[in-house]
Amino acid sequence: MKVLGAGFLLLLLAQSPGPPGSRPVVVGSKPFGESYLLAEMFAQVLEAGGFTVERRLGLGATEIAFQALRTGAVDVYPEYTGTGLLAILGEQPVMDARSVFAHVSREFRRRYDARWLPPLGFENTYAIAVRTDVAVSQGLRTLSDLARDGSDFVAGFTPDFIGRPDGLPGLIDAYGFRPAEVRSLLPAIKYQALAAGEVDVIDGYSTDGLIARYDLRVLEDDRGFFPPYEAAALVNGAFADANPDAIIALTGLSGRLSEDRMREFNRRVEVDRESVALVARDALRSVGLVERDIAEVSRPGAPRPGLARYLWDRRGTIASLAVRHVFLVGVSLLAAIALAVPLGLLLERKRQSAESVIRGAGLLQTVPSIALLAFMIPLLGIGVWPALVALFSYSIYPILRNTFTGVREADPSAVAAGTALGMTPRQVLLYVRLPLAAPVVMAGIRTAAVINVGTATLAAFIGAGGLGDPIVAGLALSNTPMILSGALPAALLALIVDGTLAAVERRLTPGR
Amino acid sequence: MTVPSTVLATSEVSKHYDSLVALDRVSVEVAKGECHALIGESGSGKTTLLRCFNRLTSPDNGTVTFEGADVTGLDPVALRRRIGYVPQDGGLLPHWQVGRNVELVPWLEGHDDRTDRANRALELVGLDPTTFGRRWPRELSGGQRQRVAVARALAAGPDVILMDEPFGALDAITRADLQESFDTMRRDLRLTCMLVTHDLHEALALADRVTVLREGRVEQSASSNELRRAPATEYVRALLHRARIVHP
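Residue numbers (the numbering used here), protein chains in the order written: chain A, 6 to 517; chain B, 1121 to 1368.
What the hints contain is simulated information worked out from the structure, not anything from laboratory work. It is possible that some hints are incorrect.
[To be verified] These stretches of chain B come out as covered by chain A in the derived footprint (C-beta under 8 Å, 3 or more residues):
| no. | stretch |
| --- | --- |
| 1 | 1194-1201 |
| 2 | 1206-1215 |
| 3 | 1220-1229 |
Note that the structure is predicted; figures quoted are calculated from it, not measured. We treat Cβ as the ideally placed atom computed from N, Cα and C, and that holds for glycine.
Construct the complete structure from the given sequences, taking the supplied hints into account.
As structure tokens, then:
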């Protein structure tokens, strides 16, 4: 009940609206390069139109980003009509781009009160790609060829693709393609895996900047299986109604971006590692949407700095991300301690119900973090609150289990002596069992803390910030130094937390 | 000689654990200032009987009295604070230094002079408070640990002390040493004491009266001399014989 009550309180806090007009426009993106770039373009167009913008980039995947939009946690993010049709509406593929757009426009407005702005002007469909040398030696040109000759292939597909009806399941139905093995690969590493020969076929995006970098052949969709995936701004309906000027600003981008241009911009981000902000600005300039005299973000073509230099240059950002990370871990951990330690003590007195309660907490632990985060969006939106609740949920079990076990198995002869000499049961618990259990309780807290430092990096998927931000963005943009600028401090933080708590644990060991 | 008043007594006390009979209509009496030994094999019920006096165990039938009052009418926590207790392994709280361990009962009772009481109790058992007060239990030898346990039982100044095989886990030399100093001390303090032991030598050396228990029943309850002189049952006779205690 306590947990429910706290959840309800959080819900109220998370949804209390600010004064009208003062709220920044929240722009979201999914965690891959083109989505970052388009979102950044939306943001800059809005800023040029006088809006304040809050960027919530790299949100989980379709499910999380769309939930965030529906609930108003995000006002606009770039989406693809085909994804809307198949993955969100769950309908059958339709081949005509105009029909798809008309259909999703109508259905999204009706079902979710969400608006599709007119498409941006390019399609980004799945591009099933193989290495050119393999394509040549096996004579692969189309997906039908792949289905015929690729039964001994190892496929490396993104998790999104493996699960979606317009992904692997549909591909199997339409072409009868059955690879020997399917490996789940993150978008960021699939091209490298293919080039290195770890896998034989991947799902790329037709506008990916990386297709050109590696020597790859995109197989023709000769049966027209993949529906049109036109990129467009997807907008929350309430936001659209209240902010016509923002819609006008965003619509300025409609029909302005060609596939060739997008591929070029994506290449600059994913291959040349130029900053997303800079490339977005150039893209907007090239279509005449922003003035030319915006301050330089960084000079294009500047020599890439070494990793140490890169980290040093970003030390301020990293420090503030680390502070946010520590905040997420610390607050959720303290809340979990406040709940789990007293609960553990209580369960020692009510042993019959102990196992079931602890198992319940353990069950919470088995929910995959991304799923837990996605569950919480309808309740808590995106950002810090759902991240805190998720981390809190994961911390309860190790602390509860260790507290209960620690006090239950505290030195029986000391417990017996305390009782025999006239301690009340409460005194035995507080002065004998609890101090004797302290190192065990502390070990549980330590486990929870270290797990939390790691799990908190996933909070970036729901816009909570922290050291996960550069990891998610770096993965999406194939930018290794960026990934390391989050991963190295996170690892260091885990070591520091572990070492500090280990020292506390030693100090708490009775009769040192 | 005055008639000794009874401090601890049981009357027809029985206790079952499922089908196991731990105590079967046991009646014993301990007079003021007397040391009474309960002796028997493992499972004879001697520890169960001891635990009835400070209500760590509740008998199924029969009555247990402390200074004439039925213990079921007394608050168990208050009762335990009036009765000293020494377990076999000392039962020292490992996270407390010796001084604090000995202060336990005066502290529970809210006495301001608990440190003085603890120091006096430590001196009584032959340990220097300045040397031992700040030691951790794990820094003590087995014998020292039992001395601290006795000091802790005595710190609040109880008239009665219950001891559950207090010297059983010690080596022979240390045990003899502790037995001797305990014997002197309890006579000086005129302590009433109930001592559980499986060592007939110890029982006969330390106790004024001995009760022999076997499978929850009293085989014989008699003064030490009487037991030695006139074993009431074959079992007691065999016990004396095995312990190589010859008739006087």
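Here's how the hints hold up against the structure:
no. : hint      : in the structure
1   : 1194-1201 : holds (count 5)
2   : 1206-1215 : holds (count 8)
3   : 1220-1229 : holds (count 3)
The structure agrees with every numbered hint stated previously.
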